[in-house]
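Novice: Residue numbers (my numbering), protein chains in the order written: chain S, 1 to 248; chain C, 1 to 233; chain D, 1 to 301.
There may be inaccurate statements among the hints.
[Claimed, not checked] Simulated pairs of lysine-lysine, DSS-like, Cα-Cα distance not exceeding 27 Å:
| # | chain 1 | residue 1 | chain 2 | residue 2 |
| --- | --- | --- | --- | --- |
| 1 | C | K36 | D | K5 |
| 2 | C | K36 | D | K123 |
| 3 | S | K7 | D | K5 |
| 4 | S | K85 | D | K15 |
| 5 | D | K122 | S | K21 |
| 6 | C | K100 | S | K14 |
| 7 | D | K173 | D | K206 |
| 8 | S | K21 | C | K36 |
| 9 | D | K122 | C | K36 |
No wet-lab data here; the hints were simulated from the structure.
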Amino acid sequence: MSFVQVKTSEVVGKQFLYKLKSYGGVFTSLVVIQLLGVFFSLSGSSSHGTGGLGFSFNIRTYSADIIMAFTIFWGFMTALLLTTKAYREDDFAFVTNRLTSNLSTISFLVTAGIIASLTACLSSFLIQVAAYIQGSEVHMLFNKEDMLASLGYAAAYTGFSILLFNSIGYLAGMIIQLNRLFLFILPTVFIGSLIILGVNDGGNPVAVLVQFIYFEPVFWLFILKTLVLSVLFFALAALVSRRLEVGR
Amino acid sequence: MIMFLPIIIIVCLLVLLSLIIFRVNTKTKRSFATGKTGYWLLAGYTGLLIAAAVFFVFTPEQNASSMDIQKAEASYDWERYEQMLLVGDLHELPEDWVFKSEEWKVTMDQLTVEKEGEIGYELGVYVDQSEDYETIEAIFFRSPIVVRGMEVVPEEVPRFSLIEETLTVQWEGSRDIRFNLYEPPMMIQRFMDGEGTGWDYSDAKRGVYGVYIKAPEGLDIEVADGSSIRVER
Amino acid sequence: MKIVKCRDVTKQYGKVKALDGINLSMDENKITGVIGRNGAGKTTFMKLLAGMLKETSGRVDVFSQRPFNNLTVSVNTIYIDDQMNFPPTLTLVELLEEGRRFYPNWNHDLALGLFEHFGFRKKDLHKNLSKGKESAFNMIVGIASRCALTIFDEPTTGMDAVVRKDFYRALLKDYIEYPRTILMSTHYMDDMEELFEDVLLIDQGKVKLHIGMDDLRGYAVGLSGKKDDMLPWLEGRNVLYQKETGFDDVYAVVVNDDQQNDWNRMGNIKRSAVRPSDVCVYLTNDKGGELEHVFRSGKNE
């Protein structure tokens, strides 16, 4: 019998590859979600305006907003899903400890998130094509230059938002794993604060958080904030997971 | 209360989405073949996206870049045209801006110009009286509508009818001009400089248009709702 | 070297103590059978060793380290049961590949050889396997991993007799070629004797016995004879089991306290060996009586 030692980094690497191979299902849901988003975006949003003599404007606006939002939500759900028993315990068939398990899952989430944000941005081309096909006596107002410029921002924005929501989902998932009750407590707290958000602007933690991140006008600050928060949430989640046992 | 409606819709949508995601991903006994399905789907989808991107890159430029828009708009000096009209230089306008003109003999002393129809009130009436004119001429002119550097020319023209002492300019119905516009996602717009993003009705320059009436000096012309412009040379 | 050391280990779930004050140590490179009734605490014990559970109190040491959340213990230990969490998206052969990547001592030729021998198909999915096939596959993983500490929790569930025999043979062969510490829990006690060097008997969360197989063989002796002859002998002895075998005859199992002289004076009482598996049954049977009592309740006895 030979006793072996192994490095954490090695194990994380192996687990990461292992997860890449076995978690292909998340991409199925990604494609489904994005196609759904494209579908919803196909008719664009119409606005009607007075034009002038003998004509009125009918503007149909297309954008990739919906797809981005769906994808970010997908990021949240996927991270949440990966904390469930079935996925979490995959590692225990082989070599693992809590740290490597978390690190490899997070690495996987990041990778999937990058892919997701890229496809979300590219999907705007799909919408364009759809809009193009739909317009027979319609004039197109696509500005290529603007669009390409926005792609870069969109990709980064989506990517970091996905990361943030990954971390939130992961943390929420771990907390729920700790105790089933949280499955009810967390959504209640969340929805409760949403309602309060409607009634009372600001002075409410969720509102403050949203404003802090999402109304940030400077792009680099946005990235920084998202990154810091994500790391924080992931770390918290890892701490919570240390208390979890296997098979109970 | 109405404010809750969008939230409710969103929540329902989210629930629907999460159900989809869970069903696709949960390790049920009856899942699709191997785990490689996900990757195949991804590959196919990405292929589709790239095809769309290629298509997009090669489509004819529907609309110029922001710079070009500015140039194009600059080439239309609306104020100058308005000035020209005020002094009666109708002939200085580009030929194809004149859509319609009709002439009548002068058989009355007094003429009332009435505007009828939907957007009649918007129509400017220029009254140009001079000794050189022997007939009553009504001319409808219109410049192209410039939307973000792109010209759109609606073809509708009003109907002129001169009955006894009333000249009626009548519009019938209007047509929709449709535009398809792509807008960068809302959330990104904050970061961009706002050039060419989003639709603003001020993006559509309606240009100059109106009815120009040439009539001899002696005729007493009154425009129905009083909004006329007398041409002074 | 003591590969496993337990000091006052207790595992408690709410009010229930699955393990209560376990004290033991195990030498390396032995095959130990973990025996006990359902719910005795075997699985809990083995999962503690594997680092899947954490002890409520006391201390578990494996390779001189605490196994919970421990990467070194994890790479040197493998825990095989019938609920192995293999991802349903990988095929059987892909799972073997993963085993090879994770475990440094993995013997892939052995794995593939066994894989073919037991009739598996490469592209099958783990979740589609029948119970017996699943156990066989998990067993292949366990053997091929060649982990310093290999733990099998009821590995032969669902296997037919032929496959079971093959499994034991394969295990022994590879064990001889590549020694390691093996723990196995099983209900098939008859197979025990061919396989185990040591036996750990757990009953109601406590260690009832932890001895070598040879010692277990001589642990108890069976006595049979007339009631009157037997009674004086049974007094003051640790009687594990007794039963009336006829009108006047009694069969009893007594702990062997090694008094050779007494045997010579026994006269009409016949001695017989007691099989290790039976010893375990008697030791863990807390009712004391036997099933017949249930059926005899109608008569006056």
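Novice: Next, verify each hint and record whether it holds.
Specialist: Evaluation of the provided hints:
no.	hint	verdict
1	C/K36 <-> D/K5	44 Å, violated
2	C/K36 <-> D/K123	12 Å, holds
3	S/K7 <-> D/K5	25 Å, holds
4	S/K85 <-> D/K15	24 Å, holds
5	D/K122 <-> S/K21	16 Å, holds
6	C/K100 <-> S/K14	79 Å, violated
7	D/K173 <-> D/K206	32 Å, violated
8	S/K21 <-> C/K36	8 Å, holds
9	D/K122 <-> C/K36	15 Å, holds
Hint violations for this structure: numbers 1, 6 and 7, all remaining hints satisfied.
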